[in-house]
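Colleague: The lines below spell out each chain.
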Amino acid sequence: DQQVKQNSPSLSVQEGRISILNCDYTNSMFDYFLWYKKYPAEGPTFLISISSIKDKNEDGRFTVFLNKSAKHLSLHIVPSQPGDSAVYFCAARDYNQGGKLIFGQGTELSVKP
Amino acid sequence: DSGVTQTPKHLITATGQRVTLRCSPRSGDLSVYWYQQSLDQGLQFLIQYYNGEERAKGNILERFSAQQFPDLHSELNLSSLELGDSALYFCASNNGGQGLNEQFFGPGTRLTVL
Chain A
3 DQQVKQNSPS LSVQEGRISI LNCDYTNSMF DYFLWYKKYP AEGPTFLISI SSIKDKNEDG
63 RFTVFLNKSA KHLSLHIVPS QPGDSAVYFC AARDYNQGGK LIFGQGTELS VKP
Chain S
9 DSGVTQTPKH LITATGQRVT LRCSPRSGDL SVYWYQQSLD QGLQFLIQYY NGEERAKGNI
69 LERFSAQQFP DLHSELNLSS LELGDSALYF CASNNGGQGL NEQFFGPGTR LTVL
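So the protein lines, in turn, are chains A and S.
Heads up: the first sequence at position 83 corresponds to 85 in my numbering, and the numbers run straight through without jumps.
Heads up: the second sequence at position 89 corresponds to 97 in my numbering, and the numbers run straight through without jumps.
Derived by calculation from the structure, the hints in this document are not laboratory data.
This one's a predicted model, so the numbers in the text were calculated from it and none came from an experiment.
Check each hint, because a few of them may be wrong.
Anything over 12 Å on all C-beta distances counts as not near chain S; from chain A, calculated [said to hold, decoys possible]:
#, residue
1, G18
2, I22
3, T28
4, E60
5, H78
6, D96
7, G101
8, K114
Computed far set for chain S versus chain A, every beta-carbon distance over 10 Å [as the list claims (entries may be wrong)]:
#, residue
9, G24
10, S35
11, S73
12, E83
13, S88
14, E110
15, V121
If you want a taste of the chain A side facing chain S, the calculated C-beta under 8 Å gives, among others [claimed, not checked]:
#, residue
16, L36
17, K39
18, Y41
19, E44
20, S51
21, G62
22, F67
23, N69
24, G85
25, G100
26, I104
27, F105
28, G108
29, P115
Here a beta-carbon is modelled for each residue, glycine too, at the ideal position from N, C-alpha and C.
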């Protein structure tokens with residue numbers, strides 16, 4: 003039962019353009035959503051989060067949008083840079099279950115110069 | 009550097025063996041989480057400890073166990089190892105309190121079972 007899904011395993015974008023990474027979820031009890039970035043041979047690094055009571059959160063080049071009715075969130079990176087090339091994981095938290103995170107399968111972003 | 013340390017970085021062992029993975033959380037963090045990442049998979053939650061007590065359990069096999077010690081470091085024990093246990097094992101920590109506090113991940117331990 004995959005509660006958090008990232009349906010695109012990979013995405014390729016030109017430097018300077020927008021990258022849009024998508025994530026869908028099924029559990030209405032999730033209270034926070036987070037995006038993590040992961041480089042090879044490293045642990046995931048927290049990028050940005052959004053509370054379930056909001057629909058947008060922005061931090062520099064990164065913006066996360068939440069559409070609760072569609073149970074969908076997306077991460078926008080503008081402008082994309084080659085250093086953004088990594089695997090991006092969407093995660094959701096159900097505080098009633100001790101705060102554990104449920105992760106999607108990840109999307110590998112490649113930003114080409 | 010997240011402040012979370014994990015040892016060893018790599019571990020190669022044989023089927024049927026037992027291994028122990030170690031995690032030291034960030035200074036001040038009370039909660040430790042263990043995750044498994046198999047090939048082409050997302051991170052799967054295994055177990056959480058908060059201040060020495062088990063708080064939540066995921067799809068952790070009975071052959072696996074964990075504990076958190078008084079100094080808050082944690083160990084994940086994997087026994088009767090099978091080929092399918094080969095994976096990256098990540099530890100994460102946070103203060104475990106209310107409100108959002110993101111989890112900070114260690115660099116992981118890569119386990120290879122031959």
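Colleague: Mind listing which of the numbered hints don't hold for this structure, in increasing order?
Modeller: 6, 7, 14, 17, 18, 21, 22, 23, 24 and 29
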